[in-house]
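> Spelled out, the chains give:
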Amino acid sequence: MALTGIRVVEIAGLAPAPMAGMILSDFGANVIRIDRTKQTETVDRLARGKRSIAVDLKSKEGANVVKRLSSNSDVLIEPYRPGVMERLGLGPDILMKDNPALVYARLSGFGQSGPYKGVAGHDINYLATSGVLSTLGKYKENPIAPINLVADFAGGGTLCSLGVLMALFNRTKTGKGQIVDVSMTEGAAYVASWLWRSQNLQLCWPTKIRGRNLLDTGAPFYNTYETQDGKYMAVGAIEPQFYALLLKGLGLTEENMPGPQIDIRKWPEMQKLFSDVFAKKTQAEWIELFGDSDACVSPILTLEGAATDVHNEARGSFMRNENGSYEPRPAPLLSETPGITEVKSDPNIGEHTEEVLQEFGYSKDEIDHLIKNDVVEKL
Amino acid sequence: MILSGVKVIEFAGLAPGPFAGMVLADYGADVIVIERTQSAMPRPPSLARGKRSIMLNLKDKEGIKVANRLCENADVLIEPFRPGVMEKFGLGPDELLKNNPKLIYARMTGFGQSGSYSKMAGHDINYLGMTGLLSKLGREGGKPTAPLNLMADFAGGGLMCAMGVILALLERTKSGRGQVIDASMVDGASYIGSWIYQTKDAPYLWPIGDELGKNLLDTGSPFYDTYQTKDNKFMAVGAIEPQFYQQLINGLGLTDEDVPGQVDLDKWPETKKIFADVFRSKTQSEWCKVFDGVDACVTPVLTLEGAAQHSHNQTRKTFLTNEDGDAEPRPAPLLLRTPGVNYVKPNPVTGQHTEVVLKEVGYSQSEIDELIKNEVVKSETVKSML
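If you're matching them up, the sequences are chains A and B in order. Start counting at 1 in the first sequence, then tack on 1, and there's your number in the working numbering. Start counting at 1 in the second sequence, then tack on 169, and there's your number in the working numbering.
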């Protein structure tokens, strides 16, 4: 696989760092998650394929265990507030002096510097600080964060993986690792770069008021509509030729419409008209009616519905895990060295403590000593 | 820079392909955009910083020959067309990889290269609808609301495509070979949202999972949402953990007696109303003073311009200033030893680099003149526009 042979030490965290670890694991890396001792449950729901060792990070001996692991690893991912790793004696200065080839990824909300560094926060706060949150939501409603997708996962975990991969690529030329400072605030902004760069496009941003523009629920032809059976359809008919097909499918003509497609003053009226029409048929009827036409009209599926949809099934977009539930297959698809195609199980905390220590050269006596002194825990 | 020496041929598209190309350019790749001479719309320059532009007539056999020559020595190709279009041009992966086995051929589409929807037109909102994620986004009593085109076009699209390219480049250092990347925005957006699928049955996250906007992180809870201030701005509240929630209550000047318990779900609407009333009593900057440096997870909702001017973002140089004086995000993440660009390179004029790019792959001036004369290529130097 693409990352076979790459060893990753992931210091257990909430969601963003686990996402980064999961992506690397999905593409073949050997990911070891360092869990705290005296815990039975993990919050990591992105743990497939990882191995877990439980270490008392607050003890000097525990820190030494992590040092030994990282000195023989390629990547370390840590999710703490700036300074915490340093206080544990595991800062980049120390670990990279020992292993100059280490890629040391630091995943935080606000970054390793700046007045907000170390302030507690969650996705919604990082998204707010990035400027992006102010653009999301309907007219006259408060801004709405899309759960925790944009800062935690897109600008956080995924961008962290990208940074790690770039650092590994650079290392093939230079032999040297480096620190990757991943700020979810910056990541969210960067992923949304287009928002800043497109502000002067009149077509996309006619009003500068949230919810009154082309792609932010302002336009009737780029919106969602409820069907007769309480489900929804997505409409993305921006281009005139697609818009014409949309009207045709809805049984409307240009003459029926209160105004031409891009008359923004008539958008609210047009939206109501479309709403009324969509409410007259069920989701299944609309799917059948629009077929595979280029009207850019498609169903809004539920999480379960997406996993069993005929298109997604044909693509193997979802894998089934041992509980019978579905989870997305790694993306993108690489033809020669794809990611995993089946779900490996989540580790229990401390399930691989002994195995990992052995792999890193600890003798049985040393391992027994560490366990006896609560430096590490096994399942 | 990380991608110095990496040559990328990007076939011009709308947003996802160009964003992938921009990420690669931002980290040092030489990205050449092939723009079509017979294009219906002029290309909006939104994601073209640092790229070079050549105009080709892909409907002309000679134009295809030029494209072939460009791809012969390229490291990466990004194409945004519906499945089969590149094959019709004679530029499909089978052909190009035969001539150049180290080529990384990235195919950026909404629905992917296979499956019943693969030939259908669509946009971000359609792709996001297919993932299941869109059904979870929106306020109570409303309809599913797509977050602009961030999740499918950019996160699950361009970003995932760029990540796939870097993965393939890394893999190629071992194998010496390229491969085809099928970057589907439906797949990409789903993958980025993996955690949502994994936790959909967790009662603390999705207590009323079937309904929009009634759960922990989807605007259902009073302590994870935005609130309007006295001056019609907003504050973002993300006080999930009990100790942060306590600081939130304190900062609002409330006591435990004033509000229902944090996890009293039935009273969430009531608590929300209480919070909303309090937030409306002060301006955004007054609230910032109250909560600055406090671990309450309460922060201002900044506008696009406001974010660029905020002291934290300024210290971090989160934004660069372009030649028009406007702010745009600096490449993330920060790689300390080999960072991305720290200034905004200009957008190319369409066709600005046609001649220099052709010369780089060995065309003589007279060959170039011939190609221009026969409208196989078009050259638009800055000079010719004066």
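Hints were generated in silico from the structure; no laboratory data involved. Among the hints, a few may not be true.
According to the in silico footprint, chain B covers these stretches of chain A (three or more CB under 8 Å from chain B) [to be verified]:
#1 35-44
#2 135-145
#3 165-172
#4 224-231
#5 305-313
#6 335-347
Sample of chain A residues lacking proximity to chain B, with all beta carbon distances greater than 12 Å (derived) [claimed, not checked]:
#7 P19
#8 F154
#9 I368
Simulated restraints on C-beta separations [stated by the list, open to error]:
#10 A/G292 - B/V254: 47 to 57 Å
#11 B/N511 - A/R88: 28 to 38 Å
#12 B/E539 - A/P101: 35 to 45 Å
#13 A/N65 - B/V254: 52 to 62 Å
#14 B/K458 - A/N65: 39 to 49 Å
#15 A/T254 - B/G475: 43 to 53 Å
#16 A/T309 - B/S533: 33 to 43 Å
#17 B/T484 - A/E314: 41 to 51 Å
Backbone N, C-alpha and C fix where the C-beta goes; we use that ideal spot for every residue, glycine too.
> Provide an ascending list of the numbers of those earlier hints which the structure does not satisfy.
1, 7, 8, 10, 12, 16
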